[in-house]
Amino acid sequence: DVKVTQSSRYLVKRTGEKVFLECVQDMDHENMFWYRQDPGLGLRLIYFSYDVKMKEKGDIPEGYSVSREKKERFSLILESASTNQTSMYLCASLAVSSYNEQFFGPGTRLTVL
Amino acid sequence: AQSVTQPDIHITVSEGASLELRCNYSYGATPYLFWYVQSPGQGLQLLLKYFSGDTLVQGIKGFEAEFKRSQSSFNLRKPSVHWSDAAEYFCAVGPFSGTYKYIFGTGTRLKVLA
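Chains as they are written, first to last, in my numbering: chain A, -9 to 103; chain B, 206 to 319.
Simulated from the structure, these hints should not be mistaken for lab results.
Quick reminder that beta carbons are idealized off the backbone N, C-alpha and C, glycines included.
Take these hints with a grain of salt, some might be off.
[To be verified] Below, in silico cross-link-like pairs of lysine to aspartate or glutamate (EDC-like), each with a Cα-Cα straight-line distance of 20 Å or less:
1) Lys306/B - Asp290/B
2) Lys306/B - Glu46/A
3) Lys45/A - Glu69/A
4) Lys306/B - Glu69/A
5) Lys254/B - Glu46/A
6) Lys43/A - Glu62/A
7) Lys306/B - Asp28/A
8) Lys306/B - Asp49/A
9) Lys306/B - Glu52/A
10) Lys306/B - Glu20/A
11) Lys266/B - Glu62/A
[Claimed, not checked] Here are the computed distance ranges between Cβ atoms for each label pair:
12) Arg(-1)/A - Ile216/B: 35 to 43 Å
13) Asp259/B - Ser57/A: 37 to 45 Å
14) Arg34/A - Trp288/B: 25 to 33 Å
Based on the provided sequences and hints, a complete structural model is requested.
Rendered as structure tokens:
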């Protein structure tokens, strides 16, 4: 089974802190995604990566950056956390050959105080 | 512009009753369509997907969905709901030409009454 893991299920940070969310997949997938999930808004794409060191902005990239130094790992960085970044963050991966099915991690619920 | 609409935010059904969750999309070409389920505290799991061919697709957990091009719809159905089906359901479309971006609907939360 494909497995996508995220470093933390719950995280509490303070305003202004630098926050790292880590995502690892074990199926050698080319593409990885970071989404933000908020009630009533569904999933919104923050960034995605289609190869090592390659990234593309999604719909809501402001206040976030990403890093992909290894194929299996995709990190989301909040340079200076703010309260409006309190949310559920979901990582996903996808193989080009899998007819475009995304595999999701369990999510990280981030609270910024 | 591409979009996905799930008009029902909440749906409540009794256990054993039938279920239909609505999804409408706006997309210029033939879309790839997906339904995902998210149980409390979990990530999303794929229920089924449509790419081409037979417009009625079968998925896991007894779910099916029908693609209707004329109505731009991809509604999810289950003939008899089980209490364990209580979850949030998301419809999605993508990826779009030249990119791997997907658009998700806002979700429908299903409550099942015993």
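Against the structure, the hints come out as follows:
Between lysine 306/B and aspartate 290/B the alpha-carbon distance is near 28 Å, which puts this suggested pair outside the 20 Å criterion. Annotation: proposed proximity of lysine 306/B to glutamate 46/A holds, straight-line Cα distance about 10 Å (limit 20 Å). For the proposed pair lysine 45/A and glutamate 69/A, the alpha carbon gap of about 17 Å is at most 20 Å, so the pair holds. Distance check on the hinted pair: lysine 306/B and glutamate 69/A sit about 24 Å apart at the alpha-carbon level, beyond 20 Å; violated.
Of the supplied pair hints, the one linking lysine 254/B and glutamate 46/A is violated, its CA atoms being roughly 25 Å apart against a limit of 20 Å. Between lysine 43/A and glutamate 62/A the alpha-carbon distance is near 12 Å, which keeps this suggested pair within the 20 Å criterion. With a CA separation close to 18 Å, the supplied pair lysine 306/B and aspartate 28/A stays within the 20 Å bound. Between the alpha carbons of lysine 306/B and aspartate 49/A the distance comes to roughly 9 Å, so the proposed pair stays at or under 20 Å and holds.
Restraint check for lysine 306/B and glutamate 52/A: satisfied, since their Cα atoms lie roughly 17 Å apart, inside the 20 Å limit. Distance restraint check for lysine 306/B and glutamate 20/A: the Cα-Cα separation of roughly 14 Å lies within the 20 Å cut-off, and the hinted pair is therefore satisfied. Restraint check: the Cα-Cα separation between lysine 266/B and glutamate 62/A comes to about 30 Å, which exceeds 20 Å; the hinted pair is violated. A C-beta distance of roughly 27 Å is found between arginine -1/A and isoleucine 216/B, which places it outside the suggested range of 35 to 43 Å.
Separated by about 42 Å at the C-beta atoms, aspartate 259/B and serine 57/A satisfy the suggested range of 37 to 45 Å. Remark: the range hint 25 to 33 Å for arginine 34/A to tryptophan 288/B is upheld by a beta-carbon distance near 31 Å.
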